[in-house]
Amino acid sequence: MKPAKASSFAFDRRAFAEGLRDGVPIGLGYFAVAVSLGIAARHAGVSPLQGFIASWLTTASAGEHAVFTSMIAQATYLEIAVITLIANARYLLMSCALSQRMDPDMPFWHRLIIGLHVTDEIFGVTIARPGTLVPSYSYGTMITAVPPWAIGTALGIILGNALPARIVSALSVALYGMFLAIIIPPSRKSRVIAALVLASFALSYAAGRLPLVSSLSGGTRTIILTVILSAAAAILFPVHDDEQKEGA
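For reference, each letter of the sequence shown is one residue, going -12 to 235 in the working numbering.
Calculated from the structure, these hints are not laboratory results. Quick reminder that beta carbons are idealized off the backbone N, C-alpha and C, glycines included. Heads up, some of the hints might be wrong.
[Claimed, not checked] Here are the computed distance ranges between Cβ atoms for each label pair:
(1) 215 x 37: 34 to 40 Å
(2) 220 x 34: 40 to 46 Å
(3) 90 x 192: 34 to 40 Å
(4) 147 x 82: 30 to 36 Å
(5) -2 x 91: 17 to 23 Å
Construct all of the structure, not just a fragment, from the sequences and the given hints.
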């Protein structure tokens, strides 16, 4: 009789530790950006506790900034809901991609918690891991990445405009460094990924300059380019199940 196979969603101490490690640089970058977000929240009349809770439950820089800006403009609840949906729509695509890597028997509560804190950076480090998605890794990443985001927002509200604009802008550069750290290693291993990364850079730049497309919001342009590039990559360079198992 063959021994029972361990489920991919059982607690994995090693994966959890790797998630804690990978979440540290993300958390540091989040903290720096969240401070500037907190300054915007202060202008909207948000208290430090409210900003902490909002960032803890949302973890979306563009979405939160859109909400705070809408509050300053005294937008209605419906307008805020629509704006938030548009600003965070790219996370729907990321969640769909992660769902394809989950064990079919994974309980719903695992999926719910993982989906709650899907961000660009957490998605990047998670999807880069080969094989089936391990919730322990996601939880480890969240523990070290999400709290700095919430704490930074509250601190930014407390500091207000005390920090010079140049310092806030310089701190925000940390996010770009994290993106490079996410895309460079897999690009060095695969020419296909490297070509897609370069294509995404070129198309993103072009989309910001073309007459009709440039009038769209940055989030909308990102969604359109993501769908086009991912669909083209799936058609031209499909990853078969046996290849994915070998990578695991």
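Verification of the supplied hints:
1. 215 x 37: 34 to 40 Å: Once the Cβ atoms are compared, 38 Å apart, the range 34 to 40 Å for residue 37 and residue 215 holds.
2. 220 x 34: 40 to 46 Å: Distance hint for residue 220, residue 34 holds at roughly 45 Å.
3. 90 x 192: 34 to 40 Å: holds, 39 Å
4. 147 x 82: 30 to 36 Å: Given a distance of about 35 Å, which is inside 30 to 36 Å, the answer is holds.
5. -2 x 91: 17 to 23 Å: holds, 19 Å
No hint from the list above goes unmet by this structure.
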